[in-house]
Amino acid sequence: MAKLSNQPPKGTSDWLPAELKIRQYIFNTWRQVCLSYGYQEYLTPIIEAAEVYQAKSGEDVGGKELIMFQDKAGRHLAIRPEMTPSVTRLVSRIYNAEQKPIRYFSIANFLRNEKPQRGRNREFWQLNFDIFGSQSPQADLEIMQMAVDIMLAFNPPKNSFYLALNSRKLIEGLLTTTKIKPDKQQAVVRLLDKWGKISVRDFQSALKDLSISVEQQNKLMAFMSAKDIEDLAKALPELATNQGLKDIQEAIDSLSKLGYSQYLQFKPSVIRGLDYYDGLIFEVFDNHQDNNRALFGGG
Numbered sequence: 627m628a629k630l631s632n633q634p635p636k637g638t639s640d641w642l643p644a645e646l647k648i649r650q651y652i653f654n655t656w657r658q659v660c661l662s663y664g665y666q667e668y669l670t671p672i673i674e675a676a677e678v679y680q681a682k683s684g685e686d687v688g689g690k691e692l693i694m695f696q697d698k699a700g701r702h703l704a705i706r707p708e709m710t711p712s713v714t715r716l717v718s719r720i721y722n723a724e725q726k727p728i729r730y731f732s733i734a735n736f737l738r739n740e741k742p743q744r745g746r747n748r749e750f751w752q753l754n755f756d757i758f759g760s761q762s763p764q765a766d767l768e769i770m771q772m773a774v775d776i777m778l779a780f781n782p783p784k785n786s787f788y789l790a791l792n793s794r795k796l797i798e799g800l801l802t803t804t805k806i807k808p809d810k811q812q813a814v815v816r817l818l819d820k821w822g823k824i825s826v827r828d829f830q831s832a833l834k835d836l837s838i839s840v841e842q843q844n845k846l847m848a849f850m851s852a853k854d855i856e857d858l859a860k861a862l863p864e865l866a867t868n869q870g871l872k873d874i875q876e877a878i879d880s881l882s883k884l885g886y887s888q889y890l891q892f893k894p895s896v897i898r899g900l901d902y903y904d905g906l907i908f909e910v911f912d913n914h915q916d917n918n919r920a921l922f923g924g925g
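Read the sequence shown against the numbering used here and you will find it ends at 925, with the numbers running on by one and no gaps.
Since the hints were made in silico from the structure, they are not lab data. There's no promise every hint is true.
BS3-like, lysine-lysine: derived pairs with alpha carbons at most 25 Å apart [stated by the list, open to error]: (1) LYS795 to LYS872; (2) LYS636 to LYS741; (3) LYS853 to LYS784; (4) LYS690 to LYS823.
Just so you know, these numbers come straight off a predicted model, no measurement behind them.
Let's have the full structure, built from the sequences with the hints guiding it.
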């Protein structure tokens, strides 16, 4: 019999006491902010029916990254790769009995069959906070306000992060304006989500492979290159009256009145590839030169 390894499985970690102490400090800080906004903590099982994720988690998370198995009764189950489909299932079960809006948060671990990368193992821990049963724009503002307050709770250096906004309505308007065929739209959105992660040449080449014309490519690149709302309106006047663009401006104006203006900016490259987003979306970015990347996001 081969000697057993004393290492954890690839993409997972042991947590020694000193490391766990730091992790618990982070978790407790998250928890304090969520509780201060009136959110209640919940938890779902580590496994779900596979179809819960296959239906809503997108091609990657709900497909090739999903770790699935069959139980003895032949049911197709999956290890939790993200929380939103799970909490949506949970809330649908108790929705009618609960007072609205429902404010829930969780701190849980997840597992994806993906290549470990900087800042992301196969197993990872994540904070999720959601509002259910509210159609008010204030719900979106509250989520973004909480995102900033969570960062501020760690007393970060000045100008060390920012919250970047976009809207799926604006992206849908871009696809319509650019006349991208319906059967190509999902692939184009996935490609837009790679903007800044691949070269412009590779971006154009991938669009060409999708039979996207040069004129369409130019419009897509003009959108992705826009520095702010005014720049976008000049580059693509047909989007100036888009509801998504109006929503972004109103969100920035409202949050600025609450004192958050220094942390906000419009960023067209914020795409959020998962299938369940339909309105405002955001990502919080680290401004440090050695880690200039998205830390987390939502919508």
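The hints, checked one at a time:
| no. | hint | result |
| --- | --- | --- |
| 1 | LYS795 to LYS872 | holds (10 Å) |
| 2 | LYS636 to LYS741 | holds (9 Å) |
| 3 | LYS853 to LYS784 | holds (22 Å) |
| 4 | LYS690 to LYS823 | holds (21 Å) |
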